[in-house]
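S.K.: Mind the numbering: the sequence shown is residues 1 to 292 in this note's numbering, read in order.
Derived by calculation from the structure, the hints in this document are not laboratory data.
One should not assume that every hint holds.
[Claimed, not checked] Below, computed lysine-lysine pairings styled on PhoX-like, alpha-carbon distance capped at 25 Å: (1) LYS214 x LYS227; (2) LYS206 x LYS264; (3) LYS276 x LYS206; (4) LYS237 x LYS206; (5) LYS276 x LYS237; (6) LYS227 x LYS276; (7) LYS276 x LYS264; (8) LYS55 x LYS42; (9) LYS51 x LYS39; (10) LYS227 x LYS206; (11) LYS237 x LYS214; (12) LYS237 x LYS264; (13) LYS227 x LYS237; (14) LYS227 x LYS264; (15) LYS264 x LYS214.
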Amino acid sequence: MANLNSYAQQYLDMGFFPIPVYGIREDSACSCGNLHCAKPGKHPIGDAWQKNAPKTQDAVRDTFARHDGNIGVCLQGTPFVLLDFDGPVGLATLQGLIDEGLIAPTLRANTGSGGVHLFYRFADHHDRTAVTDRSRVLPGFDVKRSGQAVVYPSRHASGGSYTWDEDGWMSPATLPDELYQRIRRPVRIVAPAPASVAYSGSDRVKRAAAYVAKMEPAIMFADGSGKLWNVARKLIKDFGLSRGEAESIILREYNPRCQPPWSKAEIDHKLDDAEKAHTANPVPDRPRSFPP
1 MANLNSYAQQ
11 YLDMGFFPIP
21 VYGIREDSAC
31 SCGNLHCAKP
41 GKHPIGDAWQ
51 KNAPKTQDAV
61 RDTFARHDGN
71 IGVCLQGTPF
81 VLLDFDGPVG
91 LATLQGLIDE
101 GLIAPTLRAN
111 TGSGGVHLFY
121 RFADHHDRTA
131 VTDRSRVLPG
141 FDVKRSGQAV
151 VYPSRHASGG
161 SYTWDEDGWM
171 SPATLPDELY
181 QRIRRPVRIV
191 APAPASVAYS
201 GSDRVKRAAA
211 YVAKMEPAIM
221 FADGSGKLWN
231 VARKLIKDFG
241 LSRGEAESII
251 LREYNPRCQP
261 PWSKAEIDHK
271 LDDAEKAHTA
281 NPVPDRPRSF
291 PP
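Let the sequences and hints guide you as you build the complete structure.
M.R.: Structure, rendered in structure tokens:
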């Protein structure tokens, strides 16, 4: 294989963090030694590879001095995003975006399996936190932001090699604004909380509101959907509230604490699921474990 140290130095100069990746053996198995490896020749060496990715020329030299496997670039902590077009379906999607005028010339790689990787740099006015790893943005089209990408001169388990496109060897171009809008996380139209909610009448409604006010809020990428489901189910099945009562409590006591808050459509969907739930732990009128 070509001098990995030399290429690693080039990638560092471009702003990437080069990392050593397990290679492909002569028998096409992964050099990690696992005969049933799910990602042969694609996974980084070491558990803390993101934290330990070399960020100086000396560190790169030391890291790749004896490495003879594949090489990748870490995306986390960089201003770059990778657009991954996989297989014939992905290439058709890429062509469609080209026809729409959305694809600007940029650093372009041909993957070992016949796909295409496009690397872009975020513009200063782009909210980088709005772009996360996403699968199937469009058919055969994934977005990678926090992981890594295998790059030239690595080998693929299929026998192919990763190469840089002759016309695409350049510094990553600035991500076009319209393309940024296509790949960013969908913007939620947040359901507004009512100005006031009168928990009059049923003592059960008042206690349910106090209970939900202490439940853990939903945080994106931390099982937020599951937490909202738990709240909806608790209100509908356990407290036995009506849909309207449950929705009012969620909007008033729960949704403002979530990050980001849920849209009304998302809340309605969870309430639908809660109404279909088969099990319940009915809350008595005055449970001993809950204050009056």
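S.K.: Hint by hint, say whether it matches the structure.
M.R.: Now the hints, each set against the structure:
With a C-alpha separation of about 12 Å, the suggested pairing of LYS214 with LYS227 holds against the 25 Å cut-off. As the CA atoms of LYS206 and LYS264 are separated by approximately 22 Å, the hinted pair is consistent with the 25 Å bound. Restraint check for LYS276 and LYS206: the C-alpha separation of about 24 Å stays at or below 25 Å, so the hint holds. About 16 Å separates the Cα atoms of LYS237 and LYS206, which keeps this hinted pair within 25 Å; it holds.
Between LYS276 and LYS237 the CA atoms are separated by roughly 9 Å; this keeps the pair inside 25 Å, and the hint holds. Proposed proximity of LYS227 and LYS276 is supported: the alpha carbons are some 17 Å apart, at most 25 Å. Between the alpha carbons of LYS276 and LYS264 the distance comes to roughly 19 Å, so the proposed pair stays at or under 25 Å and holds. Restraint check for LYS55 and LYS42: the C-alpha separation of about 21 Å stays at or below 25 Å, so the hint holds.
For the hint linking LYS51 to LYS39, the alpha-carbon distance of about 21 Å falls within 25 Å, and the restraint holds. Distance restraint check for LYS227 and LYS206: the Cα-Cα separation of roughly 21 Å lies within the 25 Å cut-off, and the hinted pair is therefore satisfied. Only pairs whose Cα atoms come within 25 Å are accepted, and LYS237 paired with LYS214 is accepted, the gap being roughly 18 Å. The hinted pair formed by LYS237 and LYS264 meets the criterion: a straight-line CA distance of about 20 Å does not exceed 25 Å.
Among the hinted pairs, LYS227 with LYS237 is consistent with the structure: their alpha-carbon atoms are about 15 Å apart, no more than 25 Å. For the suggested pair LYS227 and LYS264, the alpha carbons sit about 16 Å apart, so the restraint of at most 25 Å is met. Restraint check for LYS264 and LYS214: the C-alpha separation of about 21 Å stays at or below 25 Å, so the hint holds.
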